[in-house]
Amino acid sequence: MKLELRGITKRFGSFTANDSIDLVVEPGEIHSLLGENGAGKSTLMNVLYGLLQPDEGQVVIDGERVHFDGPGDAVAAGIGMVHQHFMLVPVFTVAENVMLGYEYTKGGQFLDHAAARQQVRRLSERFGFDVDPDALVEDIPVGVQQRVEIIKALARDAKVLILDEPTAVLTPQETDELIAIMRELKQSGTSIVFITHKLREVRAVADRITVIRRGKVVGTADPGTSEAELASMMVGRTVQLTVDKQPFAPKGEVLQVEDLSVRDDLGRTVVDGVSLDVRGGEIVAIAGVQGNGQTELVEAIVGLGEDISGSIRLQGKQILGLNAKEIIDLGVGYVPEDRSHDGLIESFTVAENLVLSQHDRAPFGSGLLYHPAKVKARANELVGEFDVRTQGVEATAGSLSGGNQQKVVVAREMSRPLKLFVASQPTRGVDVGSIEFLHNRIVAERDHGSAVLLVSTELDEVLALADRIAVMYRGRVVGVVDGDTPRDVLGLMMAGVPEQDARRQAAEQGPTALTVQDEEARQ
Amino acid sequence: MSVTTDRIPEKTPDAPGEPTSATRRRGWAGDVLITVLSIVLALVVGAVLIAVADPRVQETASYFFARPLDMLQAAGSSVANAYAALFKGAIFDYGAETTTAAIRPITESLVFASPLVVAGLAVGLAFRAGLFNIGAEGQIILGAIGAAYVGFAWELPLVVHMVLALVAAMLLGGLWAGIAGFLKARTGAHEVITTIMLNYIARFLLAFLLSTTAFQRPGRNDPISPQVDSTAMLPQMLGSWSRLHLGLLVAIAAGFGVWWLLNRSTLGFKLRAVGANPFASRTAGIDVGWSTFAAMAIAGSLAGLAGAFQIIGTERSLTGGVSAGIGFDAITVALLGRGNPFGIVLAGFLFGALKAGGVTMQARTGTPIDLVFVVQSLIVLFIAAPPLVRAIFRIRAQGAGSMQVSKGWNA
Amino acid sequence: MKKVVRATAIAGAAALALAACGQAPDENGNTSGNGGGTGTETASNFQACMVTDAGGVDDRSFNASAWKGLQDAEKELGVKAKYVESNSETDYAPNVQQMVADDCGIIVTVGFLLGDATKAAAEANPDEKFAIVDFQYEQPVKNISPLIFDTAQAAFLAGYVAADTTKTGTVATFGGINIPTVSIFMDGFVDGVAYYNQAKGKQVKVLGWDKAKQNGSFTGDFNDQNKGKNLTNTFIQQGADIVMPVAGPVGLGAAAAAQEAGDVMIIGVDSDWYESAPQYKSIVLTSVVKEIDNSVLDVTKSAAEDKFTNEPYVGTLENEGVSIAGFGDFESQVSPSLQQEVDDLKAKIISGEVKVESPSSPKS
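Residue numbers (our numbering), protein chains in the order written: chain U, 1 to 523; chain F, 1 to 411; chain H, 1 to 364.
Listed below are several chain U residues computed to face chain F (Cβ distance under 10 Å; list not exhaustive):
1. Val302
2. Asp329
3. Asp342
4. Glu346
Stretches of chain F that chain H covers, calculated by requiring three or more beta carbons in the stretch to come under 8 Å of a beta carbon on chain H:
5. 85-96
6. 355-363
FYI, nobody ran anything at the bench for these hints, they're computed from the structure. Computed from a predicted model, the values in this text were never measured in an experiment. Note that CB positions come from ideal geometry on N, CA and C, so glycine has one too.
If we strip away everything but chain U, and leave its shape as in the complex, we get (with noise of 0.2 Å):
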């Protein structure tokens, strides 16, 4: 199937999201949407799926002009989406959730279960997926349950897979298992639009890329680009991908983490044991992926967490049983992973936002009374200094772009004198040009002689900041390892193995379909 996108323009209000973009999909092409947060991928993908009605322009199948009314019309035309956020309950079984809505019936009324299963069964052998049909969603893992999405559209009999963002939730293996799986896909005939932002995965599978940027197609590309050549592309400018980084003078100790577990409340252990330093001017990355105990150390050292035990200490301060505030007051900054639902509050201003931890001391405020007037002039300071793009301070932070809102989130914390910073996934969601600024502003704090403790699931970043790696895996550190320890060694760390054999079977199994481009690079 061959799809066509011809002029399509979509405007909300004065804002136009896209403008009469042209996109051609061959079929069996890996075809890869490349473009900033905000640049219209997504309503791209929305009108092509019938979300969203064109203003103008065509959605043209084999030389045919289509209209879609809704997602119902898209899929009876052979177009399968796989959401960011997946559309799976919970609580159904695999195939349950395969047949929702597009129900196997037996005798008119009776669900056909046996027929779903069969079905997914038959996908998931023929393109190599292993899922269970009868596991319930809810206990397999994000990489699966992805999956599960693929064998839903491929089971409504999709010729064009969406895939929005895909990447952002697996781990670097899972990533290469998805990459096997597209090109398994295209095999089989399946063309697949690939929407994402990490110039990696894109020179990695596809065959085609396309790049838009603000509305508008800017321009397509071979895999063959370099990165730094995508990534102008993306933002408009030559954005430096690495970051400059001098050599690093650790000082003394500043966070000692002794035999520290933390147990959620449903009693299990989520952090085990775990023993950690990090050295004033050092950044210690801890690399792993997501649900690995990682959110619960960091909010356990940040003074969040609860039902901990072992000791944490700051130059030599138990700071164990404080509570947030208390750490705060003794130097400690704080960028949370989910920055809309930690970082902060959407519905207040930037100027708010930018006082949150700070709003009851001076000069902002004084016993009860809060000065709005000097907030802003804070505010107004900060927005200029960590270059936040907003129409102003009294803009509410919801209205900022990821990028934005999380320099918000960074200008706060980095805005009084720290003795540890901690940050966890500081450039999730954010666009390739605040990334690069986040990279710079981290760096400086680690110069500055702040101890910096890094937590991120992005192997680029953790290569790209650490002087030193731990990587955890299942509650524990598996191992603490320099910064330039080798991409698949890491991947292998953070699926638990230990470092010694990580390294010895990294080195029999040869280079991965991402750890080629390390290669390259170093040529």
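Keeping the supplied structure of chain U fixed, place chains F and H upon it in accordance with the hints.
Chains F and H only, in chain U's frame:
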């Protein structure tokens, strides 16, 4: 921030048409417009109901096709008379013989408005702190109990007596709401449930107290307390011809106070922060539990003030029906005022006027007073469904596209 | 969906059109529907106004009865009658004030609970004339005429009838709120049963009221019919087969419970429930009737004719201000001599041979 608009939808990356701050600013004016149009619409629907209920209209409708003008005239005059009476009863009785009689209605509206305003502030303040205070009714009852007891049981000099009665009402009301706040902060018990239950407890506590010798008026078997001493009464501001008492000024001052608290105090900052996003507030070192308790306690003391107004402003004695449903009207007042202190003051005035006018409307035109409740309810109903109002008046929605998408997207 | 809406609209319009095809009245015809009556010129400007208590004007009890009195006055005297309803205690004062502002010739406030509000308004407006149903001030107020009823006399007869009619030997009564106008019924009822027991040597029990202690069963308000229903069910479980609810509309809940139980009778109060609550006529044994409407009509008349005084009107068996209704459907079932015995007893009460006393009786 407003309490009635949807939470800002969580954005997926690339979500189109993100509302900019400019559209938000326009949104504020839009809120006012929607509110005004909702009131207009409610009055229009009310007019239809008045006409339909009118016997003369029903009679003329039976021969509508023979002489349609009859029915239209009947309908027109019934609606005009009813709304004229509503206006005369609420604002200015232009047919009255004396000046005081002419302006008495507006003072009466303000009398009704005073407790509604403070109770509305109690609900609105809690809204801003992320709490649905359904318990204003119970807090009013506790406030009334406090004011009444101080008023009739203690003998104190002028001014001191009144101030102490007000303080007692605020303390008891604050305590009552504080129970719900404490339970929420400590155990996570949902305040909607606890405040509703506390309403029942307050009601029966009042019924019980009124059967005890401490509260029951000597010589009476029915549940009524002694009258409070005149030293405890809020002074009448215009003399004996009007019931308008000092409570009005207290209520307006409370409006300013709540505005100041929310926008110019560190406590208010915390309350708003916790209300808008408790997780981010906790991360920023704000004590969410304490803020919850403080918000409820302050809200309760405002509602307690409403109870005091009932006793030492107008009623003088405590009876089973002293709260008069003000605590529930307060919820609609807070919604109509959209959680904004000044909006709540204005909404309280509107509801006070409708209440005062409703009595006159019933007395002079026989229009059932229930119609006033219908109109009040319709106003809130329309406000709760802005797209409906927009559709009726064909106003273009701001950022409608993004709303649609976010629903399809994150639903 | 749209089609359905349209179809419904068309159907509705058609129905309206059919209904609206009636004949127009003669253009010259006198539109005498409103206003115009047989009264004198002065009387037709006279407004007779009423403020209800929280029961509302359609409570089938004393509010309804008082309103009927005003409507009668409208017909007979050509005055203009109107009312406002109160929804809670806090409405009383403003509602009375509303009527003062509306230049009423007389303001009738209905119920004991309006006592304070009425007095305050009367003192503030000495030229305005008031009448209050069911309340007597300790110190008479010069412009309030109390309309009060020695209902104990009639309830005494009802107690006698109940005692004679019960099959289980247990009867019951309950009230809305323990106020004199309620407890006076219960006093009379209990005394009537006691009189019967003494006269006939029987042991009929009364549940729900202890006259000596002036305490008994109350639902706590005059609105919630469910409470009346629950309380009545309790009485039925304890063996009562005749219940007299003295609780305004709450009594309808009692009637509902009695009807569900079967074989249980109700004694109505205030008005003749055989007439005013026809859905329960098959279980209404009799009713203790207060002729509130007559008293309201009387006081309106005297005010309209400028003969208003603050003398209390006291309804008694003698002046027929209170009475006991007929036996309705039970005419054939009660003992044949009962009607005669009741008539005799009534004569004895009127003559003073039998004294009916209640702490709540009107003081003359």
